[in-house]
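Dock chain one against chain two, each of which comes alone in its own frame, and use the hints as you go.
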Amino acid sequence: MGETPRTPSLDDLGHAQEALGRALGRARIGEDRALANQVRELGERLAHLLSGLLRMTRLHSPDNRAFDHPVEELHTTLVQLHDLLGSVHLVAVEDQVYVNDIRIRAGDKASSIRELGAELHRHNAGGITFHLPLEGPAIRALIGCLGAAPAASEPRNALARALHAGGVAGIELLGRFRFRMAGEGAPEISDPRDFVSRAVAATDEAFQNLAAGRVPNPLPLRRLVTELLERDLAAEELWAEPPEAPPYALHQFRVAQLALLVGFALGLPPGVLQDLGVAALYHDCGYAAGGAASGGVAVSFERHAASGARLLLRQRGFHEAKMRRMLAALQHHRDANDRLRPGLFGRILRVAEDYDTLSRRSGKLSPTLALALMLKWAGTRYDLALLQLLVNGLGAYPPGTLLQLEDGRVVRSVAPAVGPEAFAAPPARCVRLADGSPAPEDLPLVDLRTAGPLRVLRPS
Amino acid sequence: MASDEHAPAPPAAHGDQPPPEHALEAPGEEHKVAGSPHAQAANAAVLALTRAARSFTLYDPSNKVVRTLIGEYRDRFRRALDGHGPLVLDVHPFELLLGPEVVYIEKDRERSLAFRLFRDGVRRIAFDAGTSWEELLRLLEILSIRYTGVRQQEDDLVTLLRKAGFDHVHVAAIEGFVPEEEDAEPPLDVDLMRATGERYDPAPQWDLPLPPFPEAAPLSYRPVAPELLERLRGEEAPEVLPSEAVRSVLELLQAPARPDLGAVLGFALEVREFLLLEGKADLVGELASAVRAALAATPEAISPFLASYLDARALRVLIQALPPAAEELPTALAELLDAAPGDTLGRLVDLLTEEGDGPRAPLLRRLVARGCRHAPETLAARLRSAKGEVAVVLLRLLGEVDPAAALHAAGEASTAGEAPLQLEALKRLEAAAFSPEVGRALRHLVESPFEEVRVAALPVMAVRGGPRVFPALLAHVEKHAAHLSPAEATAAGRALVRSSARSALDAFQVWLHPKGGGLLGRLVKLHAPLPLQRVTLAGVVAVLGEEAEEMLAFLGEKGDAEVAGAATAALAARRRAGGGRG
Numbered sequence: 006m007g008e009t010p011r012t013p014s015l016d017d018l019g020h021a022q023e024a025l026g027r028a029l030g031r032a033r034i035g036e037d038r039a040l041a042n043q044v045r046e047l048g049e050r051l052a053h054l055l056s057g058l059l060r061m062t063r064l065h066s067p068d069n070r071a072f073d074h075p076v077e078e079l080h081t082t083l084v085q086l087h088d089l090l091g092s093v094h095l096v097a098v099e100d101q102v103y104v105n106d107i108r109i110r111a112g113d114k115a116s117s118i119r120e121l122g123a124e125l126h127r128h129n130a131g132g133i134t135f136h137l138p139l140e141g142p143a144i145r146a147l148i149g150c151l152g153a154a155p156a157a158s159e160p161r162n163a164l165a166r167a168l169h170a171g172g173v174a175g176i177e178l179l180g181r182f183r184f185r186m187a188g189e190g191a192p193e194i195s196d197p198r199d200f201v202s203r204a205v206a207a208t209d210e211a212f213q214n215l216a217a218g219r220v221p222n223p224l225p226l227r228r229l230v231t232e233l234l235e236r237d238l239a240a241e242e243l244w245a246e247p248p249e250a251p252p253y254a255l256h257q258f259r260v261a262q263l264a265l266l267v268g269f270a271l272g273l274p275p276g277v278l279q280d281l282g283v284a285a286l287y288h289d290c291g292y293a294a295g296g297a298a299s300g301g302v303a304v305s306f307e308r309h310a311a312s313g314a315r316l317l318l319r320q321r322g323f324h325e326a327k328m329r330r331m332l333a334a335l336q337h338h339r340d341a342n343d344r345l346r347p348g349l350f351g352r353i354l355r356v357a358e359d360y361d362t363l364s365r366r367s368g369k370l371s372p373t374l375a376l377a378l379m380l381k382w383a384g385t386r387y388d389l390a391l392l393q394l395l396v397n398g399l400g401a402y403p404p405g406t407l408l409q410l411e412d413g414r415v416v417r418s419v420a421p422a423v424g425p426e427a428f429a430a431p432p433a434r435c436v437r438l439a440d441g442s443p444a445p446e447d448l449p450l451v452d453l454r455t456a457g458p459l460r461v462l463r464p465s
Numbered sequence: 018m019a020s021d022e023h024a025p026a027p028p029a030a031h032g033d034q035p036p037p038e039h040a041l042e043a044p045g046e047e048h049k050v051a052g053s054p055h056a057q058a059a060n061a062a063v064l065a066l067t068r069a070a071r072s073f074t075l076y077d078p079s080n081k082v083v084r085t086l087i088g089e090y091r092d093r094f095r096r097a098l099d100g101h102g103p104l105v106l107d108v109h110p111f112e113l114l115l116g117p118e119v120v121y122i123e124k125d126r127e128r129s130l131a132f133r134l135f136r137d138g139v140r141r142i143a144f145d146a147g148t149s150w151e152e153l154l155r156l157l158e159i160l161s162i163r164y165t166g167v168r169q170q171e172d173d174l175v176t177l178l179r180k181a182g183f184d185h186v187h188v189a190a191i192e193g194f195v196p197e198e199e200d201a202e203p204p205l206d207v208d209l210m211r212a213t214g215e216r217y218d219p220a221p222q223w224d225l226p227l228p229p230f231p232e233a234a235p236l237s238y239r240p241v242a243p244e245l246l247e248r249l250r251g252e253e254a255p256e257v258l259p260s261e262a263v264r265s266v267l268e269l270l271q272a273p274a275r276p277d278l279g280a281v282l283g284f285a286l287e288v289r290e291f292l293l294l295e296g297k298a299d300l301v302g303e304l305a306s307a308v309r310a311a312l313a314a315t316p317e318a319i320s321p322f323l324a325s326y327l328d329a330r331a332l333r334v335l336i337q338a339l340p341p342a343a344e345e346l347p348t349a350l351a352e353l354l355d356a357a358p359g360d361t362l363g364r365l366v367d368l369l370t371e372e373g374d375g376p377r378a379p380l381l382r383r384l385v386a387r388g389c390r391h392a393p394e395t396l397a398a399r400l401r402s403a404k405g406e407v408a409v410v411l412l413r414l415l416g417e418v419d420p421a422a423a424l425h426a427a428g429e430a431s432t433a434g435e436a437p438l439q440l441e442a443l444k445r446l447e448a449a450a451f452s453p454e455v456g457r458a459l460r461h462l463v464e465s466p467f468e469e470v471r472v473a474a475l476p477v478m479a480v481r482g483g484p485r486v487f488p489a490l491l492a493h494v495e496k497h498a499a500h501l502s503p504a505e506a507t508a509a510g511r512a513l514v515r516s517s518a519r520s521a522l523d524a525f526q527v528w529l530h531p532k533g534g535g536l537l538g539r540l541v542k543l544h545a546p547l548p549l550q551r552v553t554l555a556g557v558v559a560v561l562g563e564e565a566e567e568m569l570a571f572l573g574e575k576g577d578a579e580v581a582g583a584a585t586a587a588l589a590a591r592r593r594a595g596g597g598r599g
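Sequences listed follow chains P and B, in order.
Offset between the first sequence (1-based) and the working numbering: plus 5.
Offset between the second sequence (1-based) and the working numbering: plus 17.
Looking at chain B on its own, in the form it has when it is part of the complex (with noise of 0.2 Å):
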């Protein structure tokens, strides 16, 4: 956006906090000015409407700022019609005045209100004091144009100003009007000025002959009805204007003698981004379809058109459009997605990645795995720089299009520094066949910085590896010994147990009772640290049998209190319930 190098640097465009004092204030020479009291109203009133009409160079139209110099516009200007009555202001190249006295001034052309309106030919504009709230925001919209406006090539100030029809808003302009040179030069023949230096005219017979007129009726005064005169009025009004955009496309693509197609397609885009400005998601699939039907001769030109068409924007109004709960989409969308690049998949994800939780993620979700079936890679690639909640849709999506490349993207994503991640790597490694790959994998969950993925990742290592895996988890156990929590030992245990009984028994026994300690070490309690005890606990639960009651009345009685007491009740449970020897 446009900044002046006199203002201070503008805040950013989309944020909602108070700008600094000064940024509100009108720098350089757009000032207050003193004068009587009515003088004093219109100078305010002008400047509130200059910083208005300025604000849209710095500011997203909703930000909060924007609104409030609309509200002073609308204030001021009040106040001085209100206040004073009419308000007629004479235009200079530099200057407004109210008669005699200067009411505006800024001589920076860039900024400068009064240059802009007399550079245009605008000598007067006079406000009647019964000029609505609606004239004036037309008024703001007109100048706010002027300012944004790069190109100038359609519209300057006097023909916005016709063409609102203010009723009292009243403006005076000259036409035919030449500039006062400093030094006056006599025409030149306009011929040098041509590109060719030379005049061209059509064959003098141009649009003839005309088709035979053979018979004549007579002339009459005839009322057309003003029904038809509406009907008529109707084909330009505002709302047919996005229809007739498309089809003022399709028309250049069906000419007889088309226009050079690269130039079509690019108003094609031109016309797109009026549909998405005016919220036209149905037109928006409509043109595109439309285009790719009438390159159907030329199929080249179809990919990059759609590359262009479909980009982040064009994808988040036809989505945005579409019923959060659609199962089906339109066949037109369903067409065009399918045949759109490789790159719209990329962002649908990305709007899937916005979405969030949002309502229109399952639909996101369903969009993003139809397009996996064109672009599988896609998916893959996008889940290695993917974080928290997206990575672990993207995974889970991937799974339902592509069981193998999912299965490798869990086997990558076991060493992934998240949580969420790694638990729903850990469904996909559970539910696959064991194999070395997700033997390794398995591995690095249970070794995973998070307690969560550990705890849950034990169990599965255990049973989808067996016994083959038991002497990873032993020295993984007794490794981490010191630092197991209640929890994690409970889960130790168990996974022990399950993948060998026979072996974890004897890994027990060998923590309870360590060769050697004689007399003293039958009188002293366990030299198994509390987190073993726990991992012992929990195993010995899990298994049924004399050997292992003999060890829950050995942890009974010698060790520490908490374990002691869970062990003998454990027992007792046991005992009770007649299971106790097997």
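So that you can see chain P by itself, here it is in the shape it has in the complex (with noise of 0.2 Å):
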């Protein structure tokens, strides 16, 4: 057997077309085209329930028997809905409402959705992410705080409150967004916290995404991998120890650095780059499995590889970036001479894993010296070349390292080495002076190249 034989010799709008329906195909495997008619069909009933059922609190209670077939057939569609999208978003707009960006198609029953809209935005609501199909009781509990009086001051947030209060869960409250007209003219808002504050509590509600038993979305941490790799991977903000951090968010985010670093060396290209930091925000996202979800027993260090290939996969459809990850979660604590050689994802994390637990999580260790254990091995537990490529990005000492110059003050290396003049004189800020008193945090870079020798110290 081979493959499939390939259409003959097309003019340009001929290979167009074909090459256009081959990267539809690949996008669509999983989706399928029925989908969208899916969704639109179940979207639909979704809105029409909401809006019944909300209606009928202004005459009944919710716990009333008028309720139990709706509310069975509401649950019975988010199911649905469910094991189609994952995620549900419900965003009521000015006088449509759309389902994962679907518009829902009005028909006979127009008012019923613009009413499902006017009663979400009574509690300065946009509409509700379901991250899970609520049950019956829980459905009762969402209308019967979505009937009941907003509140005065912050309706929204009252009304997350309550439902809290009234056990539900696995649900997100929408603002109502507002999008300008040109001309209009606002400046945009941005997230005020740094881009490594930004990226670490992005892979920490991750993994508490995952251990709450949700369906992965890889979709925010691939915008932050997109957005690092826009940034000088060398940056000395981007090495900086975020205060209060999560330390497994960190520590994910530190092996995604890492691996990029060694990605860029190697020449990946910029969908396999993206890819490979998306992997490893989610290497050891197999802990996730611990959580009250799936069991709340603990997951070990021998089952964590598989359970993190069994979590991603709850991700719907084929995608070659789900894939990779799959693998690189399964293997990234294989050696590289193992038998079942690992792939390149899992090498490279292989490295990039054990590196940051070595200098940054065991405290007792230099970066310098981590580094230099770990040459060691290379070629058995690690790929030559890769750990080679981190060697040679990170330099002689990798941020973190504590260096005591002649004249004795102490500086701590701020960022790695960019290139080879630069391997053994890194970005390098003084800590402690010469005196030995901290040194003011608004010195200057100390120039590494004229310091005279240097002595690495341990972590104090």
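Be a bit skeptical, because a hint or two may be false.
Said to hold, decoys possible - Label-pair restraints from in silico Cβ distances: (1) Ala-254(B) - Ala-429(P): 32 to 38 Å; (2) Pro-235(B) - Ser-442(P): 56 to 62 Å; (3) Ala-429(P) - Gly-116(B): 19 to 25 Å; (4) Arg-95(B) - Leu-450(P): 48 to 54 Å; (5) Ala-429(P) - Leu-225(B): 26 to 32 Å; (6) Gln-409(P) - Leu-227(B): 25 to 31 Å; (7) Gly-283(B) - Arg-454(P): 15 to 21 Å.
As the list claims (entries may be wrong) - Footprint (simulated), chain P over chain B, 3 or more residues, beta carbon under 8 Å: (8) 174-187; (9) 252-259; (10) 290-301.
What the hints assert, rightly or not - To give an idea of the interface, some chain B residues facing chain P are shown, with a C-beta separation under 8 Å as derived from the structure: (11) Ile-162; (12) Pro-219; (13) Leu-278; (14) Ala-386.
The hints are simulated quantities; they were obtained by calculation from the structure and are not laboratory data.
Computed from a predicted model, the values in this text were never measured in an experiment.
Positions of the beta carbon are idealized from the N, C-alpha and C atoms, including for glycine.
Here it is in structure tokens:
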């Protein structure tokens, strides 16, 4: 057996059609052609049921038997949508309702659609995201809370608290987002947190979502990786330690940085680099299987790789990125010379992960020594070339290395060395003056090329 | 496929008819704008882009309409860039602006290109004058995906645009964008949103302890050889993705703490979709075989998996990858088909039906015959609903794998509505031992509404039935005497004689010399209608002897002109041959 025969030669437009067809086919597999129509139909049912239930609250209490059948129908609809989509985003804007960006046709029930929007807007909510299909009691609690009078102040937050108190979980209330027309002009608001804080928070959020039993949603992490790739990977601010960062999330982010350093040096194309970064942010996600949603039993080291692959499988549809990160999760602790040789991502992540664990998490080794210890295992535990790329990328004194200068000052390496010339002279900041006192924070970077002999210090 | 409630109903997805004029134009607010020549050109280009991108929600990619729209997109963008230089579009929520001029406006969020760009964080998209066609195509691909994508878990426009690595298309996107709210509220404690209401953190010593590291090596900068870098990059090249996908399934199945089997098999089916799309028939087969082997310890899972896996599409890809003249199946495929449940045979029959007289018909017939070994009843069941040439092929195949079932099916087919199938059934009956069932079937065929079938069936009934069927044959001839064509009359005459020559001659005598009639009867021509004269002539010509010659002479003297001439000629030929008296 071989491959399916290709079509004969075509003109430019024919080639374009064929290429686009294949690209769309790739994007659609797992979506299947009927998916949008299915979502539209189910979304319509969801919107109308929700609207109908809210209307009924004006006459009856939600625990009335009259709610039994429509509540059951709503639950079934949510289950079907969840099976298709994972998270279901219902957004009401002006007189339209969208479910995962599919506009719901109002038809002869246009008033029902408008009413749903109005009910949500009373609570200053623009929509609801259902991360999980709600069970009957939660649905009754939801419509009870939605049907109640809105709070005078911060109505959406008050609603969220009421839902939480009522035992409703797995949903999110969306704000009423306003998109201005051209000419209306208003400055856009950026997230005030610095990039690393945002990245660590998003990574933590992804882990918490998995622990809560939600379907993986890699898009926010991919956006972060995309932004990271637009920045200078050697920039000092990317290697700072954000205060009170959750250790797990910070580790995932550091591994991603290190992996991308290697990937960049390898010359991987942008799409593969993105996939590598996302795989790194998920690589230890198997530990999330110890969350309450999965039974609350902590996951052992031996099981976390396969657990991670299982969690990642929850995401529907084939995508090469999903396949790559699943393989990476499975293989990232395997030795490079293992009989079952790990793939490229697995080998990169092994190098990145062990380095971060040795240098930062252990708290006992300087980053320089961590690299040097790993280098002894090049070709066995670690892919020789990939480890060397990491060494080249980080330099002799990777970020975080404490060095004592000849004059007694103590400096810390704050960024990777860029290029062979700077291999042993990375950017560094003084942390202690020659007299041992703490250095002011606004001192300029120290040029280690002229600093004379350096002594590597162990972490204090 | 998604359709807009304001748009006209789309034409059939696979049709190549030109669409109604209005289907190609942008309804709603997506309309042409006035303005400077540059703005108008930009408007035309952007509209062409959105129409081309949205066309994939309406039409199959191979449709001629799509081709037309792609061509328009290319031409209009080229016109805008060649005629006016770089095109810099500022992205607003529902509009695209060229400087101060609006060149695109669409407020429907489902349809609006501007909204999708803005929502994903894109604020500017700029095209250099030298933007290549390949880059424009890549952009079209990205936007088309976003218009058809529903799950939206993996990519948005920004990540796709960054992934594309454009040289002449520049995208400015903002990150960490906080959408403006009508009435913003302070952020809520995020724990309130969790399903469990609690944070979960792995144990502090996760991934620890590491294995021992007793020795260190000196650090130095060493360049890595370009060839090695290229080899490493090659491990993630697009062409290795299919085999990596297969590997990923196998790794999951072999993992020591194996993940949920249902989820893994579901993933295997997703990988199959990918392999089918890529035309990797060899890997489609390999994956199925590997999964089957991996499920050896849970055999009850194999059959349902293969039933889903070996659907019509997968089978088509597997078959099309085989050389048409292939005599033997590859071992892996053979084992797979043997292990597949009965539905697979039905799908093979469907493929055979589709193939018709195509180059793979012989191969498919072999595959169906092979499959019948495991489920012969499937073929007989399908035969009942089959039509045309397919029915003939199926009956023939059934004869190869289960002659008894084929004979029974032939009996059923004798009352079927199609001539080719009845003729094929006749062949089966002709080869079978005579029995009441066969006799009934042959009688049905002699009574067939199709003359060609009747003409073919008459001699078979006579030969197989012998004298016992003579009365039925005679009754048939006399019943239809008025309508027998020359060919059928000839066949009937020969059949009667073959069934029983004596009885036939007696019957001919009665037709030629009816009792009574007197002198007048002797003086006028035959009362037997022309068809019966033909029947008699054909029968008598096949019989030797004086009685037969007398009848020939009688026909030559008294018969209708056509019959008389033929009878006289036959008699003369017989006498010339010297075989006139026997």
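ask   = Holds or violated: 15 to 21 Å for the Cβ distance of Gly-283(B) and Arg-454(P)?
value = With a Cβ separation near 57 Å, Gly-283(B) and Arg-454(P) fall outside 15 to 21 Å, so the hint is violated.
query = Is the shortest C-beta separation between Ile-162(B) and chain P less than 8 Å?
reply = holds (4 Å)
message = Does Pro-219(B) hold up as a contact with chain P if the rule is Cβ-Cβ below 8 Å?
response = With a closest approach of 4 Å, the Pro-219(B) hint holds.
query = If you look at each residue in the segment 290-301 of chain B, do at least three have a Cβ nearer than 8 Å to any Cβ of chain P?
reply = Holds: 7 residues of the segment 290-301 of chain B have a Cβ under 8 Å from chain P.
request  = Using the Cβ atoms, figure out if Ala-254(B) sits within 32 to 38 Å of Ala-429(P).
outcome  = holds (35 Å)
task = Could you check the hint for me, namely that Arg-95(B) and Leu-450(P) are 48 to 54 Å apart, CB to CB?
result = Taking Cβ atoms as reference, Arg-95(B) and Leu-450(P) lie about 50 Å apart, which means the hint holds.
query = Would the hint on Ala-386(B) stand, with a C-beta cut-off of 8 Å toward chain P?
reply = Ala-386(B) check fails; min Cβ-Cβ to chain P is 20 Å, beyond 8 Å.
task = Take a look at whether the Cβ-Cβ distance between Pro-235(B) and Ser-442(P) falls inside 56 to 62 Å.
result = Cβ of Pro-235(B) to Cβ of Ser-442(P): about 34 Å, so the range 56 to 62 Å is violated.
query = Do three or more residues from the segment 174-187 of chain B put their C-beta atoms closer than 8 Å to C-beta atoms of chain P?
reply = holds (count 6)
Outcome, coverage hint (the segment 252-259 of chain B, chain P; C-beta under 8 Å; three residues) = Coverage by chain P holds here, the residue count being 3 at a Cβ distance below 8 Å.
request  = Please test the hint of 19 to 25 Å on the beta carbon pair from Ala-429(P) and Gly-116(B).
outcome  = Given about 51 Å between the Cβ atoms, the range is violated.
query = In this structure, is the beta-carbon distance linking Gln-409(P) and Leu-227(B) contained in 25 to 31 Å?
reply = holds (27 Å)
In this structure, the earlier hints numbered 2, 3, 7, 13, 14 are contradicted, and the remaining ones agree with it.
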